[in-house]
Amino acid sequence: MSSASASRRRAGQLLAAPLRRRGLLIAPTLLAALAAAGLAALLPARYRAAVILQAEWGSDDPALAREPERELANRRSRAVRLRVTDSELLERTLEQATPYGVGGGAATLARQLERLRSDLRVRPMAATTFAVEFEHGDPEKAALVPNLLTRLLVEETEAARRVAESAAGPSAEPPRFELVAPARVPAAPESRRPLLFAVAGALVGLLVGIAAAVAAEARDPRVTGPEDLDGFLKLPLLATIPEVKTGGKQD
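Under my numbering, the residue at position 50 of the sequence shown is numbered 35, and the numbers go up by one with no gaps.
No lab work stands behind these hints, which were simulated from the structure alone. It cannot be assumed that every hint is accurate.
Unchecked claim - Calculated pairs, SDA-like style, for lysine to any residue (alpha carbon to alpha carbon, straight line, at most 20 angstroms):
#, residue 1, residue 2
1, K126, Q81
2, K126, S103
3, K126, V148
4, K126, R106
5, K126, Y32
6, K126, A166
7, K126, T70
8, K126, E143
9, K126, R147
What the hints assert, rightly or not - Beta-carbon label-pair distances, calculated as ranges:
#, residue 1, residue 2, range
10, P109, V87, 31 to 41 angstroms
11, A144, L27, 38 to 48 angstroms
12, L15, T114, 14 to 24 angstroms
13, E54, E143, 54 to 64 angstroms
14, D123, E73, 36 to 46 angstroms
15, E54, A1, 32 to 42 angstroms
16, A1, A166, 58 to 68 angstroms
17, T113, D71, 40 to 50 angstroms
18, P174, N59, 10 to 20 angstroms
19, A196, A92, 37 to 47 angstroms
20, T114, A173, 22 to 32 angstroms
21, L94, A201, 44 to 54 angstroms
22, R63, E175, 37 to 47 angstroms
Cβ atoms here follow ideal geometry from the backbone N, Cα and C, with glycine treated the same way.
Using the sequences and the accompanying hints, generate a full structural model.
What follows is the structure, encoded as structure tokens:
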């Protein structure tokens, strides 16, 4: 048998290894799924609260009239997200709401800003309506932060709007924000979704099992065919005796 044929057969054996070594697939898949589901059950409770915010833009801007509706909606959505997650606005929210504790220097403040951004979600609900959501382990803080954040946003926007009206006219006005519905203290925490964790853990365990089965097959020293003798013998293989199966009973 040529070396190319032997290499192809060896590759086929490695690919079929997970089917022959099912135990190496089942065990890590089940263990990883159970571990992930257990981790989901042990995670601390998280509460989510949201405010409904409305953004209004001036209708006399000629640039807006020429922009396609979808692109205009995307641009406005990005503008609202950037405004809600503005560093100065978030710093004032952290200072007054203290969702992550008080104290620390500049490095602590930077970490808290990143954490606050990761816990905030700005979700468009309509062309000019947005939900500002916040997650926290304390239900009171979960409602306090978005309420305070949007109140500060409305106050700053109104102040900037008055300055723009006196300086450049209506066309340069920033958008007007209005709080439509404040956040309420959530009565129950967010679902931990143990089934989703279990599925993700099972997929990871399955990949680990496949890798283990292939590695075990590659390290298996047993001879399963004449082509496997190439790695053990230093002499050429002249002939083989094929296996003969008969219908009669062997004595």
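Can the suggested window of 54 to 64 angstroms be confirmed for the beta-carbon pair E54 and E143?
At 27 angstroms between Cβs, range violated.
Within a Cα-Cα threshold of 20 angstroms, do K126 and R147 meet the stated pairing?
violated, 32 angstroms
Taking the CB of R63 and the CB of E175, does the distance hold inside 37 to 47 angstroms?
Violated - the Cβ-Cβ distance for R63 and E175, about 26 angstroms, lies outside 37 to 47 angstroms.
Just to be careful, I want the Cα atoms of K126 and Q81 compared with a cutoff of 20 angstroms; is the pair within it?
holds, 11 angstroms
Check the following: the C-beta atoms of A196 and A92 are separated by a distance inside 37 to 47 angstroms.
With a Cβ separation near 40 angstroms, A196 and A92 satisfy 37 to 47 angstroms, so the hint holds.
Given the hint that K126 pairs with E143, does the C-alpha gap stay at or below 20 angstroms?
violated, 26 angstroms
Indicate whether the distance between the beta carbons of E54 and A1 respects the range 32 to 42 angstroms.
For E54 and A1 the Cβ distance comes to about 55 angstroms; the hint is violated.
Has the hinted range 58 to 68 angstroms been met by the Cβ atoms of A1 and A166?
At roughly 59 angstroms between Cβ atoms, A166 and A1 fall inside 58 to 68 angstroms, so the hint holds.
Decide if the proposed pair is consistent with the structure: K126 and V148, CA atoms, cutoff 20 angstroms inclusive.
violated, 33 angstroms
Given hint T70 paired with K126 - CA-CA distance at most 20 angstroms:
holds, 18 angstroms
Can the suggested window of 10 to 20 angstroms be confirmed for the beta-carbon pair P174 and N59?
violated, 33 angstroms
Compare the distance between the alpha carbons of K126 and R106 with 20 angstroms, and conclude whether the hinted pair is satisfied.
holds, 15 angstroms
Of the numbered hints given earlier, the model fails hints 3, 8, 9, 12, 13, 14, 15, 17, 18, 22; all others are met.
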